[in-house]
Amino acid sequence: MANENVSVWTSIPFWRRSAAWVTGFATILLIWLTFDTLGQISMGTDADLKNGVKKRVPAPTVINYHIDYKMDAKRGHEVPVIGEKQLFFGKEWSEKEAAELLHLGKLTSQAKNCMNCHTLLGNGAYYAPDLTKAWLDPAWQKGGPLQAMTGKNTVEEAMAEFLQHPSQYPTHARMMPDLGITAEEAKGLVAFLKHMSSIDTNGFPRNFSKTVEQFKTGGTNAH
Amino acid sequence: MLTSIKTNSFAGNKGKELGMMYFRVAIVLFGAQLLMGLIAAIQFLAPGFLFELFDFSVARMVHINALVVWMLYAMIGSVYFMLSDETGHEGVGLGLGKLAFWVLTAAITVVVLVYIFIQVGSGSEATIWFINEGREYIEAPRWADIGIVVVILVFYWNVFATYMKGQKTGIMTVMVANLLALAGLYLAGMFFTDNISMDQFWWWWVIHLWVEATWEVFVGTLAAYALIKIIGAKREIVEMWLWIEVLMLFGSGILGLGHHYFWIGTPEYWWEIGALFSALEPVPLVAMFVHVLYDWGKEQGIAKGKGETGSVITNAPAMAWIVTNAFGNFLGAGIWGFFHTLPQVNIYTHGSQFTAAHGHLAFFGAYATILIGMMYMGIQYAYGAKRLPSTFKSKMAIFLITFGVVGMTVALTIAGYEQVLVERAELGAGWNAFFTAQELPWFVQAMVWRAIMGVVTLAGFVYLVWDLLTIGKVAKAAQTA
Chain A
1 MANENVSVWT SIPFWRRSAA WVTGFATILL IWLTFDTLGQ ISMGTDADLK NGVKKRVPAP
61 TVINYHIDYK MDAKRGHEVP VIGEKQLFFG KEWSEKEAAE LLHLGKLTSQ AKNCMNCHTL
121 LGNGAYYAPD LTKAWLDPAW QKGGPLQAMT GKNTVEEAMA EFLQHPSQYP THARMMPDLG
181 ITAEEAKGLV AFLKHMSSID TNGFPRNFSK TVEQFKTGGT NAH
Chain B
1 MLTSIKTNSF AGNKGKELGM MYFRVAIVLF GAQLLMGLIA AIQFLAPGFL FELFDFSVAR
61 MVHINALVVW MLYAMIGSVY FMLSDETGHE GVGLGLGKLA FWVLTAAITV VVLVYIFIQV
121 GSGSEATIWF INEGREYIEA PRWADIGIVV VILVFYWNVF ATYMKGQKTG IMTVMVANLL
181 ALAGLYLAGM FFTDNISMDQ FWWWWVIHLW VEATWEVFVG TLAAYALIKI IGAKREIVEM
241 WLWIEVLMLF GSGILGLGHH YFWIGTPEYW WEIGALFSAL EPVPLVAMFV HVLYDWGKEQ
301 GIAKGKGETG SVITNAPAMA WIVTNAFGNF LGAGIWGFFH TLPQVNIYTH GSQFTAAHGH
361 LAFFGAYATI LIGMMYMGIQ YAYGAKRLPS TFKSKMAIFL ITFGVVGMTV ALTIAGYEQV
421 LVERAELGAG WNAFFTAQEL PWFVQAMVWR AIMGVVTLAG FVYLVWDLLT IGKVAKAAQT
481 A
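These protein sequence lines map, in sequence, to chains A and B.
Counting from 1, one number per residue, gives the positions in the first sequence under my numbering.
Counting from 1, one number per residue, gives the positions in the second sequence under my numbering.
Hints listed in this document are in silico derivations from the structure and should not be mistaken for laboratory results.
None of the values given here were measured: they were computed from a predicted structure.
Just so you know, even glycine gets a beta-carbon here, dropped at the ideal spot from N, CA and C.
Hints are not guaranteed to be accurate.
With the C-beta cut set under 10 Å, the calculated list includes, among others, these residues of chain B facing chain A [said to hold, decoys possible]:
id, residue
1, Glu17
2, Gln43
3, Arg60
4, Tyr186
5, Gly189
6, Phe191
7, Thr193
8, Gly251
9, Ala275
10, Gly351
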């Protein structure tokens, strides 16, 4: 074979250089976008919440507020809406307490391997319901079957009770196993779930509030 | 200096023997993956099966971890296997490489035993360090993470030092650069944060930039090497293709990462970036498919022109698996990935059985196939067979495994469609919507078929192991006869 190529299209050095340039360019663009994204998804502060500054991922003290998920006409999908103050497990949590509780909850979510049955932010296994907006699920609200089943009066207490004794509450043939979750860990997990429901997920899961309406009007699929 | 670079024969033994050790563990873990998958598939149909004894979460965790680890083992094995052929050097520090193999295998045994018998821990740092990290695919506890890094450093040193001392082929240049990226990315998954969005942002750096970038380039490299060895393809041609593949795979795959950043708290601009670049991801997979078939046809044509009769393929089962790889990669990773990569579709499909369908066909088509092909090359080398013809068992293995995985994929795709339409579009993704969709006959039937096809895959695996254990002797006997 001749050493000189007749065409650039069959030249190995040409393709090698092109591969290096394209890879380098894509990598630099990714790193640049990563810096921008990291800034946007870093957790907000308690002051942001008090001043009504919207953050994609709010501070842990978001557990002290009422959270809703509403259609935003401009963005064309539902977004979390942080409302009035609301007690969480009967108290208002300080910045430090809330951060510690969220830390315990996130650790527990990993230690108990939640992600290998459920999805979190849509990622994980598909054996059990998505937990992204579980805090807002009508089934856990007042009058909802899951809250009623536990005999508790608030969403957080009902969820915490269920998490500690899941197989005592046969919600479905596909039950959640008892994972030895303690009372403290359960509180942490609920804080983690409430915090996750306040994250701006660009409208995922879509149609979430549709179930809410159906449920409230006793729709055909409300058991 | 070994002469293997200019020929399509094997040269050097030490690296190949080490490679074979990795292959043996890989095939055992492949079996474990299938068994765990079967348990999980049964639990979808009979939720009481092994409840609170060996729950779905445990079976699923071992299922996907065995998958990742057997593939990494087979990948490391393949690199050790081709090292001396591509560099013309026996290999540097392979004694230490052998020690690293035993350390890694012992560590993985401990990790799996802890997964199976301890399963979960308390909500504390100790669990993350010693039991499991609870992050899909990279659940390995932190101590094992650090151990893996040390072993990979030894492996990388083996490869890099050999490369520096030996000849620098295009294939090996891509391999050395790509392995550095592949190994380095693992570090992105080794920290804890309370921020779930931040957690998943970096988690995807590992998962996506492995399976949709560096692993794909790895496959391109293996295919290039294998085509030279199996059909005597010209190095100039395969290396030119390889650089084009690197260009297209990294050009689309690196920013294609954006398609995992649609819904995890990350900003909206990822919709456009993720959609555009991930939509381009199938393009190199088409190119790879064309390339394999083109080279095969060309070499066969040249042989025919010389008046030679018979096939140019010296290792029929390996070639069969590599052709399956070329098509399976395009179908599983390319088509099944493209199905749900646009945000307008993905908002409904994200986190449904659709993802599972894509995952099954993509991991099989893109990776399992070519790694099995490499194992057959290992057999050919180990028995010193000049030609390795397919046996009945090889054919049964490839047919049953491929049929089984495609069957599972179709079943899961149907389940995914049902879930997307009923749970997501019609009812709206809540607890109630989820279980309503899971109970409908269309979903249940799909899950029955998935389990049946899982059994078919397992039967194919039995043939595969049986074949790998016997085909070498058959070929050798035929050669000496």
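Hints, one by one, checked against the model:
1. Glu17: Given a least distance of 32 Å, the restraint on Glu17(B) is violated.
2. Gln43: holds (8 Å)
3. Arg60: holds (5 Å)
4. Tyr186: violated (17 Å)
5. Gly189: Violated. Min distance 12 Å.
6. Phe191: This hint is violated: Phe191(B) lies away from chain A, its Cβ roughly 12 Å from the closest one there, beyond 10 Å.
7. Thr193: Holds. Min distance 8 Å.
8. Gly251: holds (4 Å)
9. Ala275: Hint violated; Ala275(B) Cβ to chain A Cβ min 13 Å, cut 10 Å.
10. Gly351: This hint holds: Gly351(B) lies near chain A, its Cβ roughly 4 Å from the closest one there, short of 10 Å.
Violated hints, listed in ascending order, are 1, 4, 5, 6 and 9; each of the other numbered hints is respected by the structure.
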